[in-house]
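4 protein chains.
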Amino acid sequence: MQTAPPAPLVMSRVAFLGLGAIGSPMARHLATAPSALVVWNRTAQRAEAFAAAHGVTAARSPADAVRGATVVITCLPTSKEVEALLGGPGGILEGIGAGTVFVDCTSGDPETSARIATRLGAVGVSFLDAPVSGGTSGAEAGTLTVMVGGDAGVLDQVRPVLQRFGQKIVHCGPVGAGHALKAVNNAMLATHIWATAEGLAVAAKAGVDPAVALEVINASSGRSNASMNLFPERVLSRAFPRTFRLALLDKDVGIAADVARAARVPAPLLQLTAELFRLAHDALGDAADHVEAVKVVEQWAHQELAPSAADRWRGA
Amino acid sequence: MQTAPPAPLVMSRVAFLGLGAIGSPMARHLATAPSALVVWNRTAQRAEAFAAAHGVTAARSPADAVRGATVVITCLPTSKEVEALLGGPGGILEGIGAGTVFVDCTSGDPETSARIATRLGAVGVSFLDAPVSGGTSGAEAGTLTVMVGGDAGVLDQVRPVLQRFGQKIVHCGPVGAGHALKAVNNAMLATHIWATAEGLAVAAKAGVDPAVALEVINASSGRSNASMNLFPERVLSRAFPRTFRLALLDKDVGIAADVARAARVPAPLLQLTAELFRLAHDALGDAADHVEAVKVVEQWAHQELAPSAADRWRGA
Amino acid sequence: MQTAPPAPLVMSRVAFLGLGAIGSPMARHLATAPSALVVWNRTAQRAEAFAAAHGVTAARSPADAVRGATVVITCLPTSKEVEALLGGPGGILEGIGAGTVFVDCTSGDPETSARIATRLGAVGVSFLDAPVSGGTSGAEAGTLTVMVGGDAGVLDQVRPVLQRFGQKIVHCGPVGAGHALKAVNNAMLATHIWATAEGLAVAAKAGVDPAVALEVINASSGRSNASMNLFPERVLSRAFPRTFRLALLDKDVGIAADVARAARVPAPLLQLTAELFRLAHDALGDAADHVEAVKVVEQWAHQELAPSAADRWRGA
Amino acid sequence: MQTAPPAPLVMSRVAFLGLGAIGSPMARHLATAPSALVVWNRTAQRAEAFAAAHGVTAARSPADAVRGATVVITCLPTSKEVEALLGGPGGILEGIGAGTVFVDCTSGDPETSARIATRLGAVGVSFLDAPVSGGTSGAEAGTLTVMVGGDAGVLDQVRPVLQRFGQKIVHCGPVGAGHALKAVNNAMLATHIWATAEGLAVAAKAGVDPAVALEVINASSGRSNASMNLFPERVLSRAFPRTFRLALLDKDVGIAADVARAARVPAPLLQLTAELFRLAHDALGDAADHVEAVKVVEQWAHQELAPSAADRWRGA
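Residue numbers (our numbering), protein chains in the order written: chain A, 1 to 316; chain B, 1 to 316; chain C, 1 to 316; chain D, 1 to 316.
Please keep in mind that the hints were generated in silico from the structure rather than gathered at the bench.
All C-beta atoms in this analysis are idealised placements derived from N, C-alpha and C, irrespective of residue type, glycine included.
All clues given are correct.
Dumping the calculated EDC-like pairs for lysine to aspartate or glutamate here, alpha-carbon to alpha-carbon at most 16 Å:
{"hint": "1", "chain 1": "A", "residue 1": "K205", "chain 2": "B", "residue 2": "E111"}
{"hint": "2", "chain 1": "C", "residue 1": "K168", "chain 2": "D", "residue 2": "E215"}
{"hint": "3", "chain 1": "B", "residue 1": "K80", "chain 2": "B", "residue 2": "E111"}
{"hint": "4", "chain 1": "D", "residue 1": "K205", "chain 2": "C", "residue 2": "E111"}
{"hint": "5", "chain 1": "D", "residue 1": "K168", "chain 2": "D", "residue 2": "D156"}
{"hint": "6", "chain 1": "D", "residue 1": "K168", "chain 2": "C", "residue 2": "E215"}
{"hint": "7", "chain 1": "C", "residue 1": "K205", "chain 2": "D", "residue 2": "E111"}
{"hint": "8", "chain 1": "D", "residue 1": "K205", "chain 2": "C", "residue 2": "D258"}
{"hint": "9", "chain 1": "A", "residue 1": "K205", "chain 2": "B", "residue 2": "D258"}
{"hint": "10", "chain 1": "C", "residue 1": "K295", "chain 2": "C", "residue 2": "D282"}
{"hint": "11", "chain 1": "C", "residue 1": "K205", "chain 2": "D", "residue 2": "D258"}
{"hint": "12", "chain 1": "B", "residue 1": "K168", "chain 2": "A", "residue 2": "E215"}
{"hint": "13", "chain 1": "B", "residue 1": "K205", "chain 2": "A", "residue 2": "E111"}
{"hint": "14", "chain 1": "B", "residue 1": "K205", "chain 2": "A", "residue 2": "D258"}
Now the in silico label distances, taken between C-beta atoms and shown as ranges:
{"hint": "15", "chain 1": "D", "residue 1": "A219", "chain 2": "C", "residue 2": "G20", "range": "18 to 26 Å"}
{"hint": "16", "chain 1": "B", "residue 1": "L248", "chain 2": "A", "residue 2": "G99", "range": "54 to 62 Å"}
{"hint": "17", "chain 1": "D", "residue 1": "A141", "chain 2": "B", "residue 2": "G121", "range": "47 to 55 Å"}
Please put together the full structure from these sequences, using the hints given.
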């Protein structure tokens with residue numbers, strides 16, 4: 001049933017919209033030949049500075065950016081911003097041409113993506129949702145994981161473009177599958193952060209130094225990426241660097257919870273995690289880092305998760 | 001404030017009570033000089049077979065087993081069984097002598113341990129709770145992690161005994177701290193198993209093959225020991241080997257939830273996980289393995305977590 | 001700022017779409033002068049039978065039904081069915097005229113209602129969401145409570161129509177407010193049903209006959225409409241009459257949960273109730289009554305909520 | 001199998017320990033013939049003032065109070081306080097005589113009650129747990145509901161005493177059954193308070209004035225004692241009178257949750273309610289009234305539950 005894959009597009013021109021913390025280093029990998037790059041950003045200065053630094057073109061509107069482009073890439077905070085760029089004067093639909101492939105690297109939601117795909121499809125444009133993981137460091141190194149939803153043949157056409165910033169390009173399923181998987185991964189991260197905080201707080205109340213508890217857990221079956229990488233460096237140290245906003249993780253958990261409900265999957269842990277991160281985001285504000293959610297657990301438990309009783313430590 | 005540690009006990013005689021799946025390989029490491037080993041088991045044949053195989057003595061009652069022992073080690077299903085061995089004719093209290101150290105390697109609960117410690121303390125016996133992690137393979141290799149609650153000086157006295165089956169001996173805090181930490185670790189494992197199952201089910205409904213989803217998650221921030229080690233080998237493969245009973249994990253999550261409530265730590269994720277594993281244990285029965293809990297999520301979601309759509313896979 | 005209310009519409013012609021268990025008795029109240037009634041139903045025989053019995057007209061399509069009507073009333077299972085009737089050949093938009101008032105008595109959802117209102121508004125039609133409570137008996141008696149969302153002036157125009165089947169007509173707020181309040185009320189009902197079942201099961205395990213427990217609770221602070229009216233007549237009696245489908249209550253709780261999430265209201269009890277009713281609906285099937293959800297609690301607890309130990313009863 | 005009930009005790013002397021907000025008006029009903037009343041209170045002045053006002057005797061210790069009494073009644077904050085009065089110099093066990101009936105009207109917990117019953121039984125004293133509902137007004141009017149656990153024949157012996165302050169005396173089951181049922185009733189109250197607050201907050205976000213929402217709910221299926229009696233008078237009015245402390249409701253919900261877990265009843269709503277009231281108690285402090293828990297929901301939702309938009313109201 002497999003047919004020969006379509007030939008990759010001739011990528012004479014790539015448009016990149018959204019030069020934020022992740023988008024900007026991604027776009028840098030596309031700033032060199034063989035393709036011409038046109039960038040656009042809501043705050044025009046940012047696009048102009050990028051264009052000047054990398055010898056590419058800054059467009060004055062989304063329509064101008066995408067006009068003549070073979071591939072359009074968006075990287076925005078939420079699907080809502082992507083949808084908002086489509087219509088109106090100077091919008092994407094004003095400039096985009098049939099045959100273009102639209103790749104949305106936003107950590108968006110499947111429902112909005114389905115609407116976007118329909119609108120683009122009506123003018124002959126293919127849509128892929130293609131959120132990335134790997135953070136700013138992965139974006140800079142060009143080693144992102146890209147989770148792609150949409151037609152596999154279309155993905156094959158643009159794979160060479162995605163490979164310029166992505167090390168692992170995974171076709172996940174139909175439109176929305178990439179967004180769903182990204183949201184699910186982040187929801188699991190959120191659950192693990194909260195569960196680890198609860199566990200350390202409970203252990204501390206039973207007299208276990210959080211540093212000791214974490215060391216034992218990280219040598220045992222309860223360990224996770226959160227317990228091994230985030231808690232030692234960010235929580236026990238009280239450093240809480242701001243690398244990925246709690247507001248965005250709240251959004252992602254909410255997307256996963258919405259998909260679960262729409263798909264009729266009973267997911268009580270996921271739904272509860274969504275409530276907890278909503279609370280934490282509200283309590284800690286928009287600037288807080290995602291790991292700072294543990295501060296809510298600490299406050300509720302009246303228990304700081306710091307190596308507070310070092311002299312109690314008697315590890316073998 | 002640190003005083004010189006007390007000299008290790010002369011371990012002329014060690015009693016080991018409870019030759020189950022973990023206890024039996026632990027006891028084997030104690031069957032050789034310098035100490036004499038006496039074993040006891042509720043089913044007497046098991047103790048006799050062990051004694052015959054290893055050239056040690058099988059006692060006919062707990063009292064006989066502990067009489068004259070410097071160190072007594074118990075390894076039973078729950079603290080309730082340990083408590084039940086103390087009193088009555090032939091019970092531990094009938095045979096144990098002042099100055100003995102009682103080491104309970106059961107995955108028990110802090111509240112019962114406190115009562116046991118009090119009763120033993122009244123007759124001059126020191127109590128340590130010392131649950132282990134590492135499974136049967138760790139017990140056989142003598143590489144267990146031992147989480148110890150109780151007096152640190154007493155731990156120093158018996159450390160050489162524990163080191164015969166434990167690679168990492170960690171003093172966690174006062175009596176009950178070892179049991180609390182073991183329960184917390186296992187509760188986190190339980191949460192991660194359920195959260196991963198929910199996540200894969202949601203992703204599958206959005207069109208993502210569980211094998212693809214798991215591969216991406218295991219390269220991303222949502223990974224855990226559960227997702228990396230348990231799901232590929234046991235869930236996707238549909239193997240579900242029976243290595244650690246769901247009934248015991250249910251018990252452990254319940255202990256952690258009880259400690260949380262007693263300590264007044266609001267822990268909604270932990271409490272909900274306790275309810276879910278109670279349900280899963282009840283639905284799947286006493287013989288089920290802990291990872292089989294995902295079958296409840298699968299049933300609720302009408303979604304098997306198997307690599308069901310391999311031809312959809314198009315990883316880079 | 002209050003202006004004089006607009007004069008009520010001259011209701012020369014009312015269209016009623018959806019002759020189900022609630023819709024049919026509602027429509028009967030509109031079958032007499034002063035207005036002419038036109039009915040439509042997906043299953044045409046039902047509309048024809050109604051028309052024959054009541055001397056009104058059965059339309060062959062939604063377009064035919066609404067053509068020339070001053071007021072259009074819909075009463076369908078969900079907002080999805082309402083939305084589906086709008087477009088396409090023979091759809092409502094084909095027949096409806098500017099100035100008509102569209103009253104949707106479906107227990108629908110605010111988000112879809114907003115879309116419907118927008119589409120209708122574009123052709124000069126006003127939209128009110130107007131779900132009802134009171135059940136089939138209230139519909140037959142014409143004593144329904146009607147919860148109305150939309151413009152208050154428009155409500156005043158059609159109030160005389162609504163009063164023919166509704167005793168209490170409440171303006172709740174803007175479009176969607178009626179649907180939201182109906183969903184919230186039903187979600188509270190669902191929470192109370194489940195909480196009462198949990199409570200009776202716990203009490204029964206402590207030795208309290210469910211009949212005794214219920215009698216005491218109904219004389220105390222824990223009582224609710226569920227405990228006072230549903231449990232004695234339907235649960236203790238094991239009668240479980242089928243009057244309101246669990247499938248519909250599941251839908252309503254889901255709507256309330258969706259509104260909560262969209263409105264960023266942390267509502268952990270509501271979200272958990274949504275999961276539980278999803279599970280119950282799935283376990284018990286589409287035909288089950290809403291009160292049968294307690295059977296899931298009974299099964300989980302291994303505890304029937306019946307007056308099982310009558311001889312234990314010793315009420316004063 | 002029913003045998004003739006034993007004759008009521010000759011109640012020559014009743015001891016009452018605990019003259020708090022509920023205990024004091026209860027004791028007043030016992031201050032007149034036929035029985036002599038001896039009272040004791042931790043704060044001696046309170047007992048002396050009561051004795052002076054009512055012409056009864058104030059004892060200097062629990063032992064003195066119960067010496068020679070036929071019936072001993074306790075009414076204390078928790079079972080822990082009751083247990084603490086038993087032993088030690090001047091404790092109850094020092095003064096109480098075989099054949100006495102001990103009636104504990106505390107809103108206590110079944111587990112501690114079982115221990116108390118065992119200790120009393122060893123000296124020939126019968127124990128009944130007999131928590132009351134009806135509040136201070138019911139205590140003053142002598143119209144309390146009394147939920148009794150323990151031997152039914154023993155209850156018959158003391159029924160005339162209980163009837164002096166109780167209108168409805170219900171035998172619930174074995175020792176602990178009264179405490180369990182009281183806790184369950186209060187847990188249901190707690191769930192209803194929280195669910196109503198969540199529901200009103202969600203409705204308010206959809207544009208429904210809380211006063212309108214409450215009026216509709218109270219005419220519909222989602223109503224409860226909480227929505228009908230507590231919310232109009234205490235929440236919408238912003239009066240929040242302090243009649244029953246949140247700290248005590250938190251305790252009661254915790255007891256119900258503990259019984260559920262011990263009885264292996266999966267009760268996710270109850271367990272979650274326990275977490276929420278723990279949080280609310282902690283956030284609002286020991287002096288807060290139980291209904292003030294809604295303030296936490298208001299804060300989380302950024303939505304006051306007051307009739308804030310009265311001009312929007314357009315009820316029929």
